[in-house]
Amino acid sequence: MTTDTSFQYRLLVNGEWRDFDTEAATTLLEVLRGELGLTGTKYNCEQGECGACTVLVDGTAINSCIALAAGLDGRAVITIEGLSAAGELDPVQQSFLDFDASQCGYCTPGMIMAAKGLLTENPRPSLEEIAEGLEGNYCRCTGYNFILQAVHHAATVSGRRAPRGERFQVGRS
Amino acid sequence: MSSMLDRVTGRTRFISDRSEEGLLHAVLVRSRHARSKINRIDAGEAAALPGVVAVFTAADFADETGSVPRFGPLVADQPVLAVDETLYQGEPVAIVVGTSRRAAWEGSRKVNVDCEELAPVITREAALSLPAIHHSVHADTTRATNSNVMGEWTFAEGDLDSTRRQASLIIENDYHAPFAHHFAIEIPAVRAQPEDEGVHVITAAQHPFIVRQVLASMLGIPASKVRVQATEMGGSFGSKGYPKLEPVAALLALKLKMPVEIALTAEEAFLTAQREASYIQTSTGFDNDGRILFQEIDADFLVGAYTDISARVVAKTGLHALTPYRSDAFRVRARGLFTNTPPTTAFRGFGAPHAVFAVESQLDIAARRLEMDPLEIRRINLRDKGEAVPGETPVDGDWKELLVTAAEEIGWQDAPRDGVGRGIALGLKSCVPATTAKARVRLEGDGSVTAYVGTTEMGQGTHATLVGLVSERLGVPVDRIQLRTADTSIVPFDALTASSRSVVHMGNALMAACDDIQRRVAELASRPKSSEEPGLTTDEGEEGTPVVQDIRESQVAAASIEAEGVFGASGDPAHPLRGRAPFYEVVATAVELKVDADTGMVEIQRVVHVTDAGKVLSPRRAAGLDEGGIVMGLGLALTEHLVTDPKSGRLLNGSSLDYRIPTIAEIPEMISLFQENLDGPGPGGAKGLGEGGILAVVPAVASAIEDCCGARITELPFTPERVVEAIRETDA
Numbered sequence: 001m002t003t004d005t006s007f008q009y010r011l012l013v014n015g016e017w018r019d020f021d022t023e024a025a026t027t028l029l030e031v032l033r034g035e036l037g038l039t040g041t042k043y044n045c046e047q048g049e050c051g052a053c054t055v056l057v058d059g060t061a062i063n064s065c066i067a068l069a070a071g072l073d074g075r076a077v078i079t080i081e082g083l084s085a086a087g088e089l090d091p092v093q094q095s096f097l098d099f100d101a102s103q104c105g106y107c108t109p110g111m112i113m114a115a116k117g118l119l120t121e122n123p124r125p126s127l128e129e130i131a132e133g134l135e136g137n138y139c140r141c142t143g144y145n146f147i148l149q150a151v152h153h154a155a156t157v158s159g160r161r162a163p164r165g166e167r168f169q170v171g172r173s
Numbered sequence: 001m002s003s004m005l006d007r008v009t010g011r012t013r014f015i016s017d018r019s020e021e022g023l024l025h026a027v028l029v030r031s032r033h034a035r036s037k038i039n040r041i042d043a044g045e046a047a048a049l050p051g052v053v054a055v056f057t058a059a060d061f062a063d064e065t066g067s068v069p070r071f072g073p074l075v076a077d078q079p080v081l082a083v084d085e086t087l088y089q090g091e092p093v094a095i096v097v098g099t100s101r102r103a104a105w106e107g108s109r110k111v112n113v114d115c116e117e118l119a120p121v122i123t124r125e126a127a128l129s130l131p132a133i134h135h136s137v138h139a140d141t142t143r144a145t146n147s148n149v150m151g152e153w154t155f156a157e158g159d160l161d162s163t164r165r166q167a168s169l170i171i172e173n174d175y176h177a178p179f180a181h182h183f184a185i186e187i188p189a190v191r192a193q194p195e196d197e198g199v200h201v202i203t204a205a206q207h208p209f210i211v212r213q214v215l216a217s218m219l220g221i222p223a224s225k226v227r228v229q230a231t232e233m234g235g236s237f238g239s240k241g242y243p244k245l246e247p248v249a250a251l252l253a254l255k256l257k258m259p260v261e262i263a264l265t266a267e268e269a270f271l272t273a274q275r276e277a278s279y280i281q282t283s284t285g286f287d288n289d290g291r292i293l294f295q296e297i298d299a300d301f302l303v304g305a306y307t308d309i310s311a312r313v314v315a316k317t318g319l320h321a322l323t324p325y326r327s328d329a330f331r332v333r334a335r336g337l338f339t340n341t342p343p344t345t346a347f348r349g350f351g352a353p354h355a356v357f358a359v360e361s362q363l364d365i366a367a368r369r370l371e372m373d374p375l376e377i378r379r380i381n382l383r384d385k386g387e388a389v390p391g392e393t394p395v396d397g398d399w400k401e402l403l404v405t406a407a408e409e410i411g412w413q414d415a416p417r418d419g420v421g422r423g424i425a426l427g428l429k430s431c432v433p434a435t436t437a438k439a440r441v442r443l444e445g446d447g448s449v450t451a452y453v454g455t456t457e458m459g460q461g462t463h464a465t466l467v468g469l470v471s472e473r474l475g476v477p478v479d480r481i482q483l484r485t486a487d488t489s490i491v492p493f494d495a496l497t498a499s500s501r502s503v504v505h506m507g508n509a510l511m512a513a514c515d516d517i518q519r520r521v522a523e524l525a526s527r528p529k530s531s532e533e534p535g536l537t538t539d540e541g542e543e544g545t546p547v548v549q550d551i552r553e554s555q556v557a558a559a560s561i562e563a564e565g566v567f568g569a570s571g572d573p574a575h576p577l578r579g580r581a582p583f584y585e586v587v588a589t590a591v592e593l594k595v596d597a598d599t600g601m602v603e604i605q606r607v608v609h610v611t612d613a614g615k616v617l618s619p620r621r622a623a624g625l626d627e628g629g630i631v632m633g634l635g636l637a638l639t640e641h642l643v644t645d646p647k648s649g650r651l652l653n654g655s656s657l658d659y660r661i662p663t664i665a666e667i668p669e670m671i672s673l674f675q676e677n678l679d680g681p682g683p684g685g686a687k688g689l690g691e692g693g694i695l696a697v698v699p700a701v702a703s704a705i706e707d708c709c710g711a712r713i714t715e716l717p718f719t720p721e722r723v724v725e726a727i728r729e730t731d732a
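Those sequence lines, one after another, are chains A and B.
The opening position of the first sequence corresponds to residue 1 in this note's numbering, with each subsequent residue numbered one higher.
The opening position of the second sequence corresponds to residue 1 in this note's numbering, with each subsequent residue numbered one higher.
Among the clues, some could well be false.
[What the hints assert, rightly or not] Taking beta-carbon pairs under 7 Å as the criterion, some of the chain B residues facing chain A (in silico):
| id | residue |
| --- | --- |
| 1 | Gly10 |
| 2 | Val53 |
| 3 | Glu186 |
| 4 | Ala263 |
| 5 | Leu264 |
| 6 | Pro573 |
| 7 | Pro576 |
| 8 | Met670 |
[Stated by the list, open to error] Facing chain B, a subset of chain A residues (Cβ under 8 Å, in silico):
| id | residue |
| --- | --- |
| 9 | Thr5 |
| 10 | Ser6 |
| 11 | Phe7 |
| 12 | Gln8 |
| 13 | Tyr9 |
| 14 | Leu12 |
| 15 | Trp17 |
| 16 | Leu36 |
| 17 | Gly40 |
| 18 | Asn44 |
| 19 | Ala86 |
| 20 | Gly87 |
| 21 | Asp100 |
| 22 | Cys141 |
| 23 | Thr142 |
| 24 | Gly143 |
Calculated from the structure, these hints are not laboratory results.
All C-beta atoms, glycine included, are put in the ideal place defined by N, C-alpha and C.
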């Protein structure tokens with residue numbers, strides 16, 4: 001079918017070393033979903049545009065759909081499954097839960113991993129910095145507002161004040 | 001059903017997340033041309049590739065008369081694979097089955113389609129002037145007249161000619177909206193496998209019972225032998241509503257006697273579902289006080305190559321275009337035109353956003369000419385609560401108050417900040433008429449509850465809302481309720497999950513079932529206990545709800561009580577949509593924005609959105625849905641359009657890279673408000689919501705742009721080029 005050369009490499013996936021022997025063209029996304037069954041990582045465009053496949057490599061958020069797995073030999077990958085591996089939700093996950101920052105849930109893992117990467121680089125981002133940092137992650141359901149609030153909340157240590165735009169109310173005419 | 005915890009941990013299982021041993025993978029070979037005549041398909045090279053199991057063309061599925069199966073929810077006009085000709089770019093002409101998706105994909109590239117490219121019908125002008133693109137189907141309509149008119153609907157009342165003569169101001173404009181794509185982040189996929197004497201289809205789809213009906217009819221087997229199981233969807237917005245891939249998947253499974261998956265790419269998704277393009281020519285007459293005297297609409301919708309559900313979209317958009325406003329006379333003609341573009345289907349708002357764009361823009365243009373407040377011109381023309389609507393459900397909400405609330409919140413009476421433009425608009429969509437929902441509820445022996453519903457979940461949160469309703473009605477905690485959903489072999493019939501109907505329809509059906517259970521529990525509890533009977537005791541819950549407290553384990557099975565509830569919105573065969581609206585989904589949207597006159601860039605700053613909810617069942621979910629709708633509406637207003645080359649009919653921007661949906665960096669401040677008058681037909685007086693956010697965004701943005709820089713734009717989207725051009729024209 002193809003004459004691809006196979007490559008041997010190892011990745012530290014969610015804290016565990018895994019050995020691989022795949023074709024050179026195999027993406028990290030294919031390895032995670034296909035070889036390891038880590039289907040929490042999603043995909044859409046397979047062009048590095050939508051962010052659904054975002055994972056952390058050595059703490060940096062990347063699009064796994066355009067990253068060749070063999071090129072990441074020896075590096076540490078964290079997926080959505082690895083974020084709450086100890087059974088406790090990561091603060092970003094908890095915040096998404098508290099803020100209803102997910103509707104269908106399909107973009108959510110990528111969005112959370114991208115937020116995680118952003119907060120690693122910039123632990124106290126402004127709303128504008130969050131928006132800039134998550135621009136590469138599409139969500140078609142939520143309108144992003146609750147996501148913005150959730151990430152901002154996760155980044156705010158005291159974090160109890162009502163976030164901007166957190167306004168909806170019910171009234172009678 | 002999956003929970004919010006599942007979603008934030010990536011544990012929600014979408015169709016492509018299910019692993020299955022021995023699953024075959026199929027990849028469609030698609031037409032490169034918008035229109036072509038197929039001479040020959042050579043699959044020899046593909047079939048010989050390692051890992052390729054089989055290659056099929058239409059001929060392989062033909063019956064003894066040579067007829068190839070066709071499908072569609074309204075008209076079975078779409079062949080499972082193209083027969084002799086292709087009618088749109090991306091139309092499936094063959095399918096390659098492999099042991100892996102990669103093998104099938106490699107095979108698909110080696111299928112040689114020898115075809116002759118034909119001049120396609122792409123534009124409205126071409127559709128109206130050129131011969132019919134359909135030859136083999138639509139025999140009684142387009143073939144007889146050799147026309148591309150799929151269907152035409154006219155609604156009229158009053159004496160248009162005499163009213164026209166009385167008008168002191170007549171505004172005439174042609175509003176255009178292009179094809180658009182739903183862009184659900186999860187790409188469509190389906191699995192099918194033989195089961196007993198029939199077929200089991202697992203699909204990311206909104207309407208499992210419609211899929212079942214279409215498959216049973218196409219396959220010529222009883223509906224009971226077709227099992228359709230709908231998975232949770234990663235967004236849909238209409239794109240995964242009516243059958244798309246299920247027909248060919250079911251045929252493959254039956255032919256190969258193996259489980260088969262078809263999983264599309266994002267590029268294929270663009271060619272699989274689109275929103276109709278529209279041209280809405282609108283003529284509105286006013287008197288000097290701004291009162292509407294007449295409205296006349298000629299709307300043409302380009303619907304693509306096959307009908308899908310577009311006939312309903314066109315008819316319904318026409319019927320309800322003028323519902324919010326009074327006039328002495330009106331005429332609406334809505335036509336659907338076939339084009340050599342991918343089939344169009346339902347998309348959040350179901351045609352209404354285009355009609356709302358036209359009708360609301362007309363009011364703002366008139367207000368400007370008459371030097372009236374846009375709020376005032378709407379106030380004097382909007383129907384009052386309870387007022388009759390010709391041939392339809394009377395006004396079921398306080399629509400004026402929606403506008404007043406939005407206006408107050410955005411500060412309508414105060415001058416906007418420097419350089420900021422404001423717009424306000426009302427949007428209406430009617431809920432799908434004459435559909436039935438059934439639900440089954442089982443009170444288990446231990447007091448927990450299993451509820452069976454056909455409602456599917458695509459992110460709208462209805463599953464959680466329904467569980468909340470059952471919990472409240474039966475006094476059983478949410479974590480002791482299990483929802484079983486959307487498998488036609490398990491759940492009772494439900495027409496569809498669409499049109500913001502589920503809270504009203506399925507909600508009521510569930511409540512009826514719960515009430516039946518309550519009655520039977522009360523009856524059991526009032527009977528004297530004997531050794532044969534379950535040890536059932538009841539207690540008054542917090543609000544007088546009998547709560548099942550204790551049933552001895554040995555009698556669990558005997559103690560379960562099952563009840564079915566039904567809710568059916570009544571039909572009317574004489575009605576153009578076969579029934580009146582169960583309720584109206586009505587919203588008011590106010591927008592503040594800035595325009596950079598040099599670049600034409602529009603920056604949306606603030607959006608206030610008010611929904612007539614009847615009763616809000618979950619404030620956060622409701623607000624989230626409205627915000628999602630608003631942002632989708634902003635996409636429609638500013639960036640989203642499928643660009644098709646009018647000569648070749650090729651889609652020029654059918655990829656995630658080139659089709660621009662809003663990102664988190666572009667969202668404005670959003671304020672979602674709800675009017676709660678407890679006057680809806682659903683549980684507690686609820687109306688449906690969820691589609692509404694998108695309805696009125698476009699005209700509000702259009703008016704805010706005009707308010708900001710004097711330019712009025714009637715063609716979507718309001719791209720920088722169009723804004724600059726409109727400013728130039730205004731200045732000239």
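Do the hints match the structure? See the list:
1. Gly10: holds (2 Å)
2. Val53: With a closest approach of 13 Å, the Val53 of chain B hint is violated.
3. Glu186: Hint holds; Glu186 of chain B Cβ to chain A Cβ min 5 Å, cut 7 Å.
4. Ala263: violated (10 Å)
5. Leu264: With a closest approach of 11 Å, the Leu264 of chain B hint is violated.
6. Pro573: violated (35 Å)
7. Pro576: violated (31 Å)
8. Met670: holds (5 Å)
9. Thr5: Thr5 of chain A check fails; min Cβ-Cβ to chain B is 16 Å, beyond 8 Å.
10. Ser6: violated (14 Å)
11. Phe7: At about 17 Å, which exceeds the 8 Å cut-off, the nearest Cβ of chain B leaves the hint on Phe7 of chain A violated.
12. Gln8: Violated, because the Cβ-Cβ distance from Gln8 of chain A to chain B comes to roughly 20 Å (cut-off 8 Å).
13. Tyr9: Where the cut-off is 8 Å and the nearest Cβ of chain B is about 20 Å from Tyr9 of chain A, the hint is violated.
14. Leu12: With Cβ-Cβ at 19 Å, over 8 Å, it is violated.
15. Trp17: violated (22 Å)
16. Leu36: Violated - the Cβ of Leu36 of chain A stays beyond 8 Å from chain B, reaching only about 11 Å at its closest.
17. Gly40: Result: holds, 2 Å to nearest chain B Cβ.
18. Asn44: With Cβ-Cβ at 5 Å, under 8 Å, it holds.
19. Ala86: Since the shortest Cβ distance to chain B is 12 Å, the answer is violated.
20. Gly87: Because about 10 Å separates Gly87 of chain A from the closest Cβ in chain B, which is outside the 8 Å limit, the hint is violated.
21. Asp100: holds (5 Å)
22. Cys141: holds (4 Å)
23. Thr142: holds (5 Å)
24. Gly143: holds (3 Å)
Violated hints for the displayed structure, listed by number in ascending order: 2, 4, 5, 6, 7, 9, 10, 11, 12, 13, 14, 15, 16, 19, 20.
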